[in-house]
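According to this note's numbering, the sequence shown holds residues 1 to 226 in order.
Do not rely on the hints blindly, as some may be mistaken.
[Claimed, not checked] In silico BS3-like pairs for lysine-lysine, Cα to Cα no more than 27 Å straight-line: (1) K192 <-> K169; (2) K192 <-> K44; (3) K169 <-> K44.
[Stated by the list, open to error] Cβ pair distances, simulated, as ranges: (4) E144 <-> E100: 40 to 46 Å; (5) E137 <-> D20: 18 to 24 Å; (6) D148 <-> D173: 33 to 39 Å.
I should point out that these hints are in silico values taken from the structure, not numbers from a laboratory. The beta carbon of each residue, even a glycine, is placed where N, CA and C say it ideally should be.
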Amino acid sequence: MGTVNSDTSHNQPLEGAIKDVVEADNNIRENVRRITLNALSDGKLDLDEISQVTRLVANGAGVGAVIYGPDGRNPLAKAVEGLNDALCTAAEASKLAIEEACSHVNTFGKQDLQHAINDLNELETMYLETLNDVAKETSETVSETLNDLVRHGRLSGTAIGQKASETAKLLNDQLSERLSETVSAGVDSASKVTSNLAYAAAGFLEAIAQTLDKKLTSKSSENAHK
1 MGTVNSDTSH
11 NQPLEGAIKD
21 VVEADNNIRE
31 NVRRITLNAL
41 SDGKLDLDEI
51 SQVTRLVANG
61 AGVGAVIYGP
71 DGRNPLAKAV
81 EGLNDALCTA
91 AEASKLAIEE
101 ACSHVNTFGK
111 QDLQHAINDL
121 NELETMYLET
131 LNDVAKETSE
141 TVSETLNDLV
151 RHGRLSGTAI
161 GQKASETAKL
171 LNDQLSERLS
181 ETVSAGVDSA
191 SKVTSNLAYA
201 AAGFLEAIAQ
211 TLDKKLTSKS
221 SENAHK
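Given only the sequences and the hints, what does the whole structure look like? Please build it.
In structure tokens:
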């Protein structure tokens, strides 16, 4: 995933794109969602990659919101909503990849796919912890906004938490029905399965993102001709 490589030169395009969107204050939520989905679908979709993209997006949004001074809360909140939307879509893509594996391959043991499902259960925690970490390194207004969002998320839950939890439960039920109880072939085998699923999930995510973009383009065109 080139946009989230640990090399700083690769981090700048994603952070910069998010910063520009927030500064422009033009359809922030949707544009952040779109940019984040493009970054997530470029490579493989596992918890480590999602965490890196989440941090870059949050950083970019925070930097963009600084120009508003005390009024930066609203544009930053919109950017975080866009990030949350993208992560919900990522959870759906992971679900599709795991379901595809379940339906076409009957040689897996549950353990082979369980790691990917466990990652879903970790999404909300990762998301909130990342926002909390970014809040420690930014301006007062941005920090206060992110901390408020984190507190609210921990008290009331988040959209990504609900989506991920529902998805993980559904997949666990499906695994119980479809897959054997056989023990995995080993750590290397499980790791390979997890990696393959991550790449498959990124492919599903890219397809979903393209479909969403086409719908938005069509809707915008229709509105322009009214």
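Taking the hints in turn, this is what the structure says about them:
1. K192 <-> K169: holds, 23 Å
2. K192 <-> K44: It holds: about 13 Å lies between the C-alpha atoms, which stays within 27 Å.
3. K169 <-> K44: Roughly 23 Å separates the two Cα atoms, so the pair holds.
4. E144 <-> E100: 40 to 46 Å: Hint holds: Cβ distance 43 Å, inside 40 to 46 Å.
5. E137 <-> D20: 18 to 24 Å: At roughly 20 Å between Cβ atoms, D20 and E137 fall inside 18 to 24 Å, so the hint holds.
6. D148 <-> D173: 33 to 39 Å: With Cβ atoms ~36 Å apart, the hint holds.
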